[in-house]
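Engineer: Residue 236 is where the sequence shown starts when you use the numbering used here, and the numbers rise one by one after that.
Hints listed in this document are in silico derivations from the structure and should not be mistaken for laboratory results.
None of these values were measured; they are calculated from a predicted model.
Cβ coordinates follow ideal geometry from the N, Cα and C atoms, glycine included.
It is possible that part of the hints are untrue.
In silico DSBU-like links for lysine-lysine, alpha-carbon gap of 35 Å or less [as the list claims (entries may be wrong)]:
(1) K370 / K295
(2) K301 / K341
(3) K295 / K341
(4) K265 / K341
(5) K341 / K273
(6) K265 / K301
FRET-style restraints, in silico, Cβ to Cβ [as the list claims (entries may be wrong)]:
(7) L382 / K341: 30 to 40 Å
(8) G358 / G307: 23 to 33 Å
(9) Q304 / S342: 27 to 37 Å
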Amino acid sequence: MPDVETAFGELEIEVDEPLVGIIMGSANDKAKMQPAGKALEAAGIRYEVRVMSAHRDPDKVADYCKAAQMRGLRVIIAGAGMSAALPGVAAAHTSLPVIGVPILGKSLNGLDSLLTIAQMPPGVPVACMAVDGAKNAGIFAARIIGLP
């Protein structure tokens, strides 16, 4: 299992048979998303970390999410700030549970990303955590998988 500090330092980690994918819209979000990795580590759950922007590279997000279940992932945690499209775009391209983590931005105290993630259209469900709620996202992912 990857060391959390190393995993988030490299931002593109590979582990044997990860169960959770942690994706974020920008490398700047890594510090805010690191608690998700720590929570998964505490539960003994393997995970991978990727940076991909729903706005700058939507095809990369779509490809990752379409292949996620086939690769053995059971949950995707998606963190994004501002317009926070990443969790919704991820959910549109997978049948796996997607947990959205709104990231606190420079304006609106994260309300913009919180509302974007919470207001998904019918048929595109995303579980929305609190602003900067990556730790709870990791704990919730562990519960979805069925581990404490």
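Engineer: So, for every hint listed, does it hold in this structure?
Structural biologist: So, going through the hints one by one against the coordinates:
A C-alpha spacing of about 25 Å is found between K370 and K295, which places the hinted pair at or below 35 Å, so the restraint holds. Note on K301 and K341: the hinted pairing holds, with a Cα-Cα distance of about 32 Å set against a maximum of 35 Å. Using a Cα cut-off of 35 Å, the hinted pair K295 and K341 holds, with the two alpha carbons roughly 26 Å apart. Straight-line distance between C-alpha atoms of K265 and K341 comes to about 16 Å, which keeps the hinted pair within the 35 Å bound.
With a C-alpha separation of about 25 Å, the suggested pairing of K341 with K273 holds against the 35 Å cut-off. Between K265 and K301 the CA atoms are separated by roughly 23 Å; this keeps the pair inside 35 Å, and the hint holds. For the pair L382 and K341, the beta carbons lie near 36 Å from each other, so the given range of 30 to 40 Å is met. For the pair G358 and G307, the beta carbons lie near 25 Å from each other, so the given range of 23 to 33 Å is met.
Checked against the given bound of 27 to 37 Å, the beta carbons of Q304 and S342, roughly 36 Å apart, stay inside it.
In summary, this structure violates none of the numbered hints.
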